[in-house]
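K.L.:
Convert by adding 823 to the 1-based position in the sequence shown; the result is the number in my numbering.
Please keep in mind that the hints were generated in silico from the structure rather than gathered at the bench. Be aware that a few hints might be false.
Capping the alpha-carbon separation at 20 Å, the derived lysine to aspartate or glutamate pairs in EDC-like fashion look like this [claimed, not checked]: (1) Lys1205 / Glu1152; (2) Lys1188 / Glu1115; (3) Lys1188 / Glu1160; (4) Lys1188 / Glu1230; (5) Lys1068 / Glu1053.
Computed Cβ-Cβ distance ranges for the label pairs, DEER-style [said to hold, decoys possible]: (6) Ala1176 / Thr1123: 40 to 48 Å; (7) Ser855 / Gly1195: 39 to 47 Å; (8) Pro1181 / Thr947: 34 to 42 Å.
Just so you know, even glycine gets a beta-carbon here, dropped at the ideal spot from N, CA and C.
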Amino acid sequence: MGFDTYFDVADRTLIDYRKQAGDLPRFVFDSSDAVIEGGSDEDQPDSVDFVTTAEGALAVLEAQGFGWNACVAAYGAVRGGGIAGSLLTGMYMAEKYFKKGKKGKIENARCDAEKRIEKEAEATPHDDLTALGQLLAASWLDETVDKPLFLNEFLWGDIPERSTGQISQVISAAQEAGVDPLPPARAIEALGSLFREARLVAWPILMTVFMTHLPSDTSVSYSLSGGMDEFEIVDRSSAQDFVDKWWTGTGEAVADYARNLGVLFGVLADFEGRLGPQYWFGQAIAALDHLEALNVDRSTSTNKQRGDALERLVEALFNAEGPELVVAEKNFRTEEEEVDLVLRSNLPDPYWAAQKSPYWFVECKNWSTPVGVPEIRIFESKMDDRKSTVRVGVFVSTNGFYTTAVERLKSAQVKDVGLIYAITLEDIRGLLNRRQTLSSWLLNEGAMRAFGGGLTGAKD
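Using the sequences and the hints, build the whole thing.
P.N.:
See the structure below:
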């Protein structure tokens, strides 16, 4: 009995499934990538595939939350490297001790090894994943290599054993390539640990690392043709029906898995206690890149697309706060008005407790012009109507505020509506560069602005 479906990259089979269609390829294709060649209402198609390129696959991965910046942030939060470091320390000691066929002093060998490890350990998370991705891609594209450097037990989503085998493979490949082995070895050690915690998180991260370092036009395909008889694909109609069911079914499987983890990666905040905030900082950086790309030429996108992009950025910033500040509702609507984001606050700082605001309102404006007084007044009224539970508002404007709008912020306090904070895209860039939480920024720079301290660069 042969294999039925094949996931290929650069015309080389990465995964093959027997008598099934796997769910992992779902991460790298869009539904529009489905291609049914030939066939008719009575005849079986020639082929049924999903077809894209490395560039297309990376776009899909990013849209699902696995862009490069997000992956680097997630990896940086969980990397350890203790096993890889120990392996290399022993190797370096042996190399030094037996150098030139003469036994040296063990103390000198240990000191030399520790210095080498210390130097290699200075590599950043970006450096680690770049080194691993380059090794994987180079090996995969080398047609003279029968068994490329790809860790088979990671591919099907099985739980990798706790062994040094994968780490040793990467160390050997790095040494052959003439690069420091600790960074990529440390990366694969951390990804192996993450696989054991959450395979449907670790697998797309590995795909992003791998495909980022392939030529952008590298072919990526998932062929269902070998299983057409097995899957009862007898004509174009049944082929389309199978593709639709596979797409829906795998989407539901991924969604169920995410729910079992918590609310999409939420449980990973407990993974070494650090992944949650760092992951969302990475998501925010990726969202900021996307937002700025849309804003460069507004004629290439719609108002809704630009507005949604800003909301995704702001949502990621609040998700980085952890369970103390939760997005309770998006695009909350009544017959008369709409609120972009509603937050549920349980921030422990006494300052926030003193505001007596269990819920926050957030308004997002990705306009080509600054926000003025009329928009602040409307936002005030939304809060005022619900001031028994909403006394904190955050107004985000990508193009800043008019001076009169900033001056208007004080009136919300005078009228006992609550506190309204004004934040610009420049502010967001700064706090992302500093990895500063938004609530911390609001407590400091944001509070001074809300209290009437003014806004540098406000438009007259």
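K.L.:
Would you mind marking each hint as holding or not holding in the structure?
P.N.:
Do the hints match the structure? See the list:
1. Lys1205 / Glu1152: holds, 15 Å
2. Lys1188 / Glu1115: holds, 14 Å
3. Lys1188 / Glu1160: holds, 15 Å
4. Lys1188 / Glu1230: holds, 18 Å
5. Lys1068 / Glu1053: Answer holds: Lys1068 to Glu1053 is near 15 Å, not above 20 Å.
6. Ala1176 / Thr1123: 40 to 48 Å: At roughly 45 Å between Cβ atoms, Thr1123 and Ala1176 fall inside 40 to 48 Å, so the hint holds.
7. Ser855 / Gly1195: 39 to 47 Å: holds, 41 Å
8. Pro1181 / Thr947: 34 to 42 Å: holds, 40 Å
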